[in-house]
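Fit chain B to the given chain A structure using the hints.
Sequence order for the protein chains is A and B.
Start counting the first sequence at 1; every next residue gets the next number (my numbering).
Start counting the second sequence at 498; every next residue gets the next number (my numbering).
The reader is advised that the hints may include incorrect statements.
Stated by the list, open to error - Only pairs whose alpha carbons sit at most 30 Å apart, straight line, appear in this in silico DSSO-like list of lysine-lysine:
no., chain 1, residue 1, chain 2, residue 2
1, A, Lys313, B, Lys624
2, A, Lys98, B, Lys683
3, B, Lys509, A, Lys110
What the hints assert, rightly or not - If you want the ones that stay clear, here's a sample from chain B, every Cβ over 12 Å from chain A, calculated:
no., residue
4, Asp546
5, Ala603
6, Arg607
7, Asp724
These aren't lab readings, by the way, just hints derived from the structure by calculation.
Owing to the predicted nature of the structure, the values given are computational and were not obtained by experimental measurement.
Glycine residues also receive a C-beta, built at the ideal position from the N, C-alpha and C atoms.
Listed here are the chains, written in short residue letters.
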Amino acid sequence: MNDRILHLHNCEAVALAAVPVLDFAVWREALINDIAEGAHLSSLFVYKNETQNFLCTIISIPQSRQLGISSCAIGDSYPALTPECPSAHWFEREIFEKNKIRPEGHPWLKPIRFLPDAENTDHPQIGVTDFFSMHGEEVHEVAVGPVHAGVIEPGHFRFQCHGETVYHLEISLGYQHRGVERAMLGGPHMRSLHYVETLAGDTSAAHTSAYCAIVEALSGSEVPRQAQLIRAIACELERMANHIGDLGGLATDVGFLPTANYCGRIRGDVLNLSALICGNRFGRNLIIPGGVRYAIETERRDVIKSRLGAIEKDLINAVPLMFETPSVITRFDGTGRLSAETAREIGLVGVAARACGLENDVRKDLPYGLYAAEAPEIVFYHNGDCYARGYVRWLEILSSIAYIRRCLEYCDNKEEYFTVCGNVAPEHIAVALTEGWRGEICHVAISDESGNFNLYKITDPSFHNWFGLALALRGQQISDFPLCNKSFSLSYCGHDL
Amino acid sequence: MIRILGSRLLQKHRTIEYPDGPVPQLSDRYIGRPHIVGHCLQGCTSCRDVCPVNAISLENDDVNLDMGRCLFCGVCAANCDSGVLSFSHNHRLAAARREDLIINRASPVRAEALNLLAQKLFHRSLKLRQVSAGGCNACEMDSNVLTTPAWDMGRFGIQFVASPRHADGLLITGPVSENMRLALEKTYDALLEPRVVIACGSCAVNGGPYADHPEANNGAAAIVPVDLYIPGCPPHPLTILDGLLRFIGIETP
Numbered sequence: 001m002n003d004r005i006l007h008l009h010n011c012e013a014v015a016l017a018a019v020p021v022l023d024f025a026v027w028r029e030a031l032i033n034d035i036a037e038g039a040h041l042s043s044l045f046v047y048k049n050e051t052q053n054f055l056c057t058i059i060s061i062p063q064s065r066q067l068g069i070s071s072c073a074i075g076d077s078y079p080a081l082t083p084e085c086p087s088a089h090w091f092e093r094e095i096f097e098k099n100k101i102r103p104e105g106h107p108w109l110k111p112i113r114f115l116p117d118a119e120n121t122d123h124p125q126i127g128v129t130d131f132f133s134m135h136g137e138e139v140h141e142v143a144v145g146p147v148h149a150g151v152i153e154p155g156h157f158r159f160q161c162h163g164e165t166v167y168h169l170e171i172s173l174g175y176q177h178r179g180v181e182r183a184m185l186g187g188p189h190m191r192s193l194h195y196v197e198t199l200a201g202d203t204s205a206a207h208t209s210a211y212c213a214i215v216e217a218l219s220g221s222e223v224p225r226q227a228q229l230i231r232a233i234a235c236e237l238e239r240m241a242n243h244i245g246d247l248g249g250l251a252t253d254v255g256f257l258p259t260a261n262y263c264g265r266i267r268g269d270v271l272n273l274s275a276l277i278c279g280n281r282f283g284r285n286l287i288i289p290g291g292v293r294y295a296i297e298t299e300r301r302d303v304i305k306s307r308l309g310a311i312e313k314d315l316i317n318a319v320p321l322m323f324e325t326p327s328v329i330t331r332f333d334g335t336g337r338l339s340a341e342t343a344r345e346i347g348l349v350g351v352a353a354r355a356c357g358l359e360n361d362v363r364k365d366l367p368y369g370l371y372a373a374e375a376p377e378i379v380f381y382h383n384g385d386c387y388a389r390g391y392v393r394w395l396e397i398l399s400s401i402a403y404i405r406r407c408l409e410y411c412d413n414k415e416e417y418f419t420v421c422g423n424v425a426p427e428h429i430a431v432a433l434t435e436g437w438r439g440e441i442c443h444v445a446i447s448d449e450s451g452n453f454n455l456y457k458i459t460d461p462s463f464h465n466w467f468g469l470a471l472a473l474r475g476q477q478i479s480d481f482p483l484c485n486k487s488f489s490l491s492y493c494g495h496d497l
Numbered sequence: 498m499i500r501i502l503g504s505r506l507l508q509k510h511r512t513i514e515y516p517d518g519p520v521p522q523l524s525d526r527y528i529g530r531p532h533i534v535g536h537c538l539q540g541c542t543s544c545r546d547v548c549p550v551n552a553i554s555l556e557n558d559d560v561n562l563d564m565g566r567c568l569f570c571g572v573c574a575a576n577c578d579s580g581v582l583s584f585s586h587n588h589r590l591a592a593a594r595r596e597d598l599i600i601n602r603a604s605p606v607r608a609e610a611l612n613l614l615a616q617k618l619f620h621r622s623l624k625l626r627q628v629s630a631g632g633c634n635a636c637e638m639d640s641n642v643l644t645t646p647a648w649d650m651g652r653f654g655i656q657f658v659a660s661p662r663h664a665d666g667l668l669i670t671g672p673v674s675e676n677m678r679l680a681l682e683k684t685y686d687a688l689l690e691p692r693v694v695i696a697c698g699s700c701a702v703n704g705g706p707y708a709d710h711p712e713a714n715n716g717a718a719a720i721v722p723v724d725l726y727i728p729g730c731p732p733h734p735l736t737i738l739d740g741l742l743r744f745i746g747i748e749t750p
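If we strip away everything but chain A, and leave its shape as in the complex, we get:
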């Protein structure tokens, strides 16, 4: 493996020149083998210098707790990886759409974001594509979105149905595309932090942690321990708030009003804890390159501790109730099932993967920040159905509460919580993975000779998981779609960027 791939740790930067540039056939074979041996494809993208395009891969190797980078020079097209490596599916479609490099033989080569193109009036119109369709008697097609019935982001879902049964769901996104990766170029600049805070606005803490790790790695800056502590608290609070919201959402989707209502309220209590730390319910304006903007002094720490205790009590009363009510179990159990094998094949990450029994979590596999010193308890379940995806969230909430409690004991506002970052090293590449509440986040940055980004690649966990939702609907009842969708609870804007 050694000269075909450059190993580095999570949140590390290396000289760009150190990245191996292989012959295409060697690169392709090595990647397929590494994935077959258990590595996970965290990112696959095209990097352009003045003369040449390169295909680059970032893989996670849990067995050695390392990342691997490699690349090859590429022309206008190449033999697609997807037929042998299904987890490359969505990445190759992105490459075709963004860089116009064609993966020959890709079984599903359609746009994923429908990038607006003012110059080319012939470009694909959003939502207009060759949806796979079924024909026959009593077969019907259901189209949902972009605007959905609830208060939720837009996306398009096309179901091929026979009676109530869904044979195929195709998900077509891109409605939320705002041009984040393009706007990150030339950074770090004044808006960089705001882009990463809002690219997936419910995951501000985890995405911003990844961005800051990138800048810190590229500038060789060491973040004070107190800042790592506060970052970890912010990320775990974010995990808790979103999981509580989702459990409430799952309850709503099966009409179980008690838990739906309690969770709707309790989520706000957790957001208010984030606001107590930094003034913002979504943890914004807190995490910055070099550390954090606010410390947690003793009185504040004590208030957080006491409120956390009250939240825990409310949750223990509100949530297990749902998992033990027969009418709920009957809706959750066996619905939207994904096998562990399929999950592994398509590169599923996060809660959805752990619900299938896959033991993937960046906090354990590639520890970063405070997690390198002490990790929370990582939880798994089995079955890969809606019950499992819900139950993993409950277990993670309990794990986060315990972890936050331990962290709070070390809060000390007399310790340093911020350091000034040096300059970004020129012609380096940095990779940062964090475990957002949905799953694995991957940021990759490459700096030019002036220390400005000439590549900033962001992969939200939803990028890996939307396809998992599409597969989970096969053979299910269409009326279970809201429940399945909520059990994955993916980000539209995090995907569209």
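Then chain B, alone, in the frame of chain A:
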């Protein structure tokens, strides 16, 4: 069933008294309405220089802060050496006219009812269709939270509905990504008159962090006429609720 009843007793009644009771207490670090006093040091441009979205303009040593552009990050105030610019805990930010979002030393704190038509027609029932046009999900979540028991805006007859055909107006979030332009236009066209539009959050008011992006449209007003602007990134649920209540003519403390 006994367990369910038991849980109901333990969870208690949690709806806040507001607006009949006091404003709920916000975090001491909450960044609310900008507070501008006195004149700046001559030639100082510290606040304007650090604003990522050009929300600040300086005229004759007077600071003008456009809350519609503002992301409420607080960095400008942190950089103000003369104590002229700071942020208060005042959550009241909504305005009916775009120009009323621009704050300077002399700006009054507005608390008036915001829309006579809405007050007349929708005072006891305002049904809104939410459209996320490139929103990051924070404004969406903090609008949706108003339907949960602690806030319960259903008390005032304000509800989110499933179709524009059932709605009196739109609550728009996001800078209006180009890919959502047509969907937003169609949703607006499907509303029957009289109809209103509320732009919620910095993105919907002025593009937010995505201002001047070719992939987006600098907010809802570029596509549809807007009747209420609610600044913030995201606006606190209290800010949104205060805006909505004043919009339909309910007095707020």
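Evaluated hints:
1. A:Lys313 x B:Lys624: Distance ~35 Å between Lys313 of chain A and Lys624 of chain B Cα, so the pair is violated.
2. A:Lys98 x B:Lys683: Answer holds: Lys98 of chain A to Lys683 of chain B is near 28 Å, not above 30 Å.
3. B:Lys509 x A:Lys110: violated, 51 Å
4. Asp546: violated, 9 Å
5. Ala603: Holds: least Cβ distance 26 Å, greater than 12 Å.
6. Arg607: holds, 23 Å
7. Asp724: holds, 19 Å
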